[in-house]
Amino acid sequence: MNKIHSLDRLRNFRQGIIDQRKKFAATMIICGGTGCQASRSKDVIEAIQNELASQGLTEKVHVRATGCHGFCEQGPILVIEPGNIFYCHLTPEDAQEIVSKTIQKNEIIERLQYKDPVSGNRILTEAEIPFYRAQNRLLLSMNRLVNPGDIEDYIAIGGYSALGKTLAELSPDAVIQEITAAGLRGRGGGGFPTGKKWTETRNADGDEKYVICNADEGDPGAYMDRCVLEGNPHLVIEGMMIGAWAVGAFKGYIYVRNEYPLAVKNTRIAIQQARDLGILGENIFGSSFSFDIEIARGGGAFVCGESTALMASIEGKVGEPRAKDVHTAVDGLWHKPTTLNNVETWANVPAIIHNGSAWFAAMGSKGSKGTKILALTGHIKNTGLVEVEMGTTLNSVVFDIGGGSSDGKAVKAVQTGGPSGGCLPVDKFHLPVDFDELYAAGSMIGSGGFVVMGQNTCMVDVAKYFLTFLQDESCGKCVPCRLGIDRMLEIVTDITEGRGKPEQLDLLEELGATTSETSLCGLGKTAANPALSTLRYFREEYEAHIHNKKCPAGMCQALITYQIDSETCTACGACMTACPYKAITGEKKQIPTIQLELCQKCGICRSECKFESIQVN
Amino acid sequence: MTEKVSVTIDGAIIRAPKGLSILDAALDHGICIPHLCRVPAISDLGACRLCIVEHIQNGRSKVTTSCTLVVKEGMVIHSNTEKIKRLRRNIAELLVAEAPNSRAVQDVAMRCGVKEVRYPFRNNNCILCGRCVRICTGRLGEKAIGFVGRGMDRRVVAPFDLKSKLCRECGWCSDLCPMTMTPCGGPMHKGQERLCTNCESKQTSLDQMTGYCVACYFGKGFQCERHPERFTGIEE
Ligand SMILES: Cc1cc2nc3c(=O)[nH]c(=O)nc-3n(C[C@H](O)[C@H](O)[C@H](O)COP(=O)(O)O)c2cc1C
Ligand code: SF4
Ligand code: FES
Numbered sequence: 001m002n003k004i005h006s007l008d009r010l011r012n013f014r015q016g017i018i019d020q021r022k023k024f025a026a027t028m029i030i031c032g033g034t035g036c037q038a039s040r041s042k043d044v045i046e047a048i049q050n051e052l053a054s055q056g057l058t059e060k061v062h063v064r065a066t067g068c069h070g071f072c073e074q075g076p077i078l079v080i081e082p083g084n085i086f087y088c089h090l091t092p093e094d095a096q097e098i099v100s101k102t103i104q105k106n107e108i109i110e111r112l113q114y115k116d117p118v119s120g121n122r123i124l125t126e127a128e129i130p131f132y133r134a135q136n137r138l139l140l141s142m143n144r145l146v147n148p149g150d151i152e153d154y155i156a157i158g159g160y161s162a163l164g165k166t167l168a169e170l171s172p173d174a175v176i177q178e179i180t181a182a183g184l185r186g187r188g189g190g191g192f193p194t195g196k197k198w199t200e201t202r203n204a205d206g207d208e209k210y211v212i213c214n215a216d217e218g219d220p221g222a223y224m225d226r227c228v229l230e231g232n233p234h235l236v237i238e239g240m241m242i243g244a245w246a247v248g249a250f251k252g253y254i255y256v257r258n259e260y261p262l263a264v265k266n267t268r269i270a271i272q273q274a275r276d277l278g279i280l281g282e283n284i285f286g287s288s289f290s291f292d293i294e295i296a297r298g299g300g301a302f303v304c305g306e307s308t309a310l311m312a313s314i315e316g317k318v319g320e321p322r323a324k325d326v327h328t329a330v331d332g333l334w335h336k337p338t339t340l341n342n343v344e345t346w347a348n349v350p351a352i353i354h355n356g357s358a359w360f361a362a363m364g365s366k367g368s369k370g371t372k373i374l375a376l377t378g379h380i381k382n383t384g385l386v387e388v389e390m391g392t393t394l395n396s397v398v399f400d401i402g403g404g405s406s407d408g409k410a411v412k413a414v415q416t417g418g419p420s421g422g423c424l425p426v427d428k429f430h431l432p433v434d435f436d437e438l439y440a441a442g443s444m445i446g447s448g449g450f451v452v453m454g455q456n457t458c459m460v461d462v463a464k465y466f467l468t469f470l471q472d473e474s475c476g477k478c479v480p481c482r483l484g485i486d487r488m489l490e491i492v493t494d495i496t497e498g499r500g501k502p503e504q505l506d507l508l509e510e511l512g513a514t515t516s517e518t519s520l521c522g523l524g525k526t527a528a529n530p531a532l533s534t535l536r537y538f539r540e541e542y543e544a545h546i547h548n549k550k551c552p553a554g555m556c557q558a559l560i561t562y563q564i565d566s567e568t569c570t571a572c573g574a575c576m577t578a579c580p581y582k583a584i585t586g587e588k589k590q591i592p593t594i595q596l597e598l599c600q601k602c603g604i605c606r607s608e609c610k611f612e613s614i615q616v617n
Numbered sequence: 001m002t003e004k005v006s007v008t009i010d011g012a013i014i015r016a017p018k019g020l021s022i023l024d025a026a027l028d029h030g031i032c033i034p035h036l037c038r039v040p041a042i043s044d045l046g047a048c049r050l051c052i053v054e055h056i057q058n059g060r061s062k063v064t065t066s067c068t069l070v071v072k073e074g075m076v077i078h079s080n081t082e083k084i085k086r087l088r089r090n091i092a093e094l095l096v097a098e099a100p101n102s103r104a105v106q107d108v109a110m111r112c113g114v115k116e117v118r119y120p121f122r123n124n125n126c127i128l129c130g131r132c133v134r135i136c137t138g139r140l141g142e143k144a145i146g147f148v149g150r151g152m153d154r155r156v157v158a159p160f161d162l163k164s165k166l167c168r169e170c171g172w173c174s175d176l177c178p179m180t181m182t183p184c185g186g187p188m189h190k191g192q193e194r195l196c197t198n199c200e201s202k203q204t205s206l207d208q209m210t211g212y213c214v215a216c217y218f219g220k221g222f223q224c225e226r227h228p229e230r231f232t233g234i235e236e
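Sequence lines, in order, name chains A and B. What the first sequence shows, in the working numbering, is residues 1 to 617, in sequence order. What the second sequence shows, in the working numbering, is residues 1 to 236, in sequence order.
Only chain A is shown next, with the shape it has when bound in the complex (with noise of 0.2 Å):
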């Protein structure tokens, strides 16, 4: 392949793909993510390819396999261009009729189309689906316009040409101030200004620094870096080249970690193209400016998603933290000044710097700029992947585009953050999605988990929930950590098990307050918020608890009792065949009774049950 030695031969180079490509009549964007590959996309690219091929339209019509659209629970998704055409739920036997059909005629195959859950109707193209109507898709939106296997995708959508910008125009210190005034904060968990941490990088002394991307994504249910990472690895790689620029770096790290081979696989060929292109390497578009990138595989603990934690997994040691009175900035990967940022935090770099940063800092609220990629899963009709313009309230998030709660009943509350992280309760859904405005509410942006809870869901087992997972991923070695999150786990399962004392909540916020305070690194300092927001804003659950023993969401096993409800009953004998444990008695047409001493609160019957009859108290 020719390399681009120059701006004018990567304009050129687009120019050329752009020409190329005016022969097809028609695109067939297909999503071939982790989740829709789950589904068999892979199959469903290959029929629709050969169905092309049989009915002589090769040349005419453009498949691109694209990364994660972020809808995954509707995959395999389909997009038609022109006409913007939705389709969901593929299968390969679907291929035929698609192309026979749509791709021919111009008709519409109804079956295949997404039906709203919130209004039922049938919905014809992309834009118009609610859950994607009320986001702003800054940087999702590009996974549907690039096939991550090909460099000539995102050349042609113009990628590179911030970079180039940034070569032929731009300073570092200039980069830096671009940054800095669009108000870009790290999309990791802290939400960082990233101009300051390029600036501290810029500045410390020595001439080896290195740039780092954190992909490590150890948080349960979070996935929006792989999203990004999996379907449009060039601009992660763009975005860290502008940084290596501006803190004067020569190399960069993509950490990622193992149970993610589809994005490592694409970034190893996002990073092989680049370099054969000369993108990466020597002299970069004439310049004098070198850079190139590795990836390191992550060793699969949360906790080396940690700055010093992961630098420390890079050179080949134990992934622990250690003390960080200097920053990492400064004092980082072998000891060298280091710039880590998130996989999203880079992905915003390369439009403002085309784009500029008073466009960026337009979106947002006063102290949160840009938008912010959230997992929304939980009691709600849609889940995904969702990408909001900061500022958007809790609110919008469930109701707009979650499309409110899956059963109908009210939404509880919403667990934002991940899983150290906070509660928050409806009456704070006015919230908008902010650094600072949550984290003041009790909980974070965190990674972007956002988990909506329904009426039985009870807060203290989701307290206990959070516990259990960060004792199973605390390194151990800082005493506050290992002790305060095992013994306020201690505290959460007494209290869901019937054993809870009064003075037990007093503790629980002491000790709480004890690990945030004291901890080593950020796990231990927000290993509380669970279980602390839970007792700020639930504390009359936890009271239930512990004075009345009762469990007010009916989910804590040895605080509830089965009965059966003899208005509703109808006698139907379902529960007692279906009772694993024979507790279920009666005669034959009688209402039955639960024999407590042999029930195992299993639940069975309850679900069973067609005339939710059997009650929980």
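Among the clues, some could well be false.
[Claimed, not checked] List of simulated lysine-lysine pairs, DSS-like, C-alpha gap at most 30 Å:
hint : chain 1 : residue 1 : chain 2 : residue 2
1    : B       : Lys85     : A       : Lys525
2    : B       : Lys18     : A       : Lys324
3    : A       : Lys610    : A       : Lys550
4    : B       : Lys85     : A       : Lys324
5    : B       : Lys72     : A       : Lys324
6    : A       : Lys525    : B       : Lys62
7    : B       : Lys72     : A       : Lys317
8    : A       : Lys336    : B       : Lys62
9    : B       : Lys83     : A       : Lys501
10   : B       : Lys143    : A       : Lys336
Keep in mind the hints are simulated off the structure, nothing from the lab. Because the structure is a prediction, the values reported are computed rather than measured.
Go by the hints and put chain B with the ligands onto chain A.
Same frame as chain A, now just chain B with the ligands:
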């Protein structure tokens, strides 16, 4: 001569050589900051978190460990504020609940003002301070023992649980271990989570103690750097 910098610890202006930690600077000048995981002359770990202090920067106070904090010209440190005392007491309480029968840990708890333990006792024979591991790797350059496991599974073991060929039987690990002191006569028992009269009587005198080192008897237990009877084998 090494260059010196001035730092203020609890109001006292101290001249300390560059590169020294705040903890060492304080101890050198008789300011008492409790510490447990520290091993003299070996790079610090920041694991026990007992040596926390408030570091005042731009008018804001940050809690950090003094053993990992290196002196810098003009630094302002408070080691004995109400907040620090409370946090330190809570950490010591967690520790003593793990190993209520260890004399060293009892002494730490006493020094930090623990009067009552609010958690059920466990009888562990290791509190993972890491002194043994660090003397072995940091001082002797060997790796006869090390940490394995994460979180609550963290343990100190020899590789593959066998006595390592690397072990030179110097015995420093056990000399430094806070669990090897003869336990006190009135250990605390399960279900009786309080300190016995022995500790209580010591604490009476503690209440009157200032933040200045008086080479108190607790220091021997947790091998305070300043205590005359601490283990000194490792110093040059
Ligand atoms: C326990 C723990 C886990 C973390 N995991 C991640 C992660 O998976 N991905 C990430 O980008 N940042 C993670 N972070 C935050 C990083 O330490 C670091 O702040 C971040 O990568 C900096 O990038 P940013 O400024 O762009 O956010 C984690 C922090 C802690 C304390
Ligand atoms: S806070 Fe937790 S994870 Fe971080 S160093 Fe301490 S024990 Fe390890
Ligand atoms: S943390 Fe400083 S001595 Fe243990």
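Which earlier hints turn out false for this structure, listed by number in ascending order?
none
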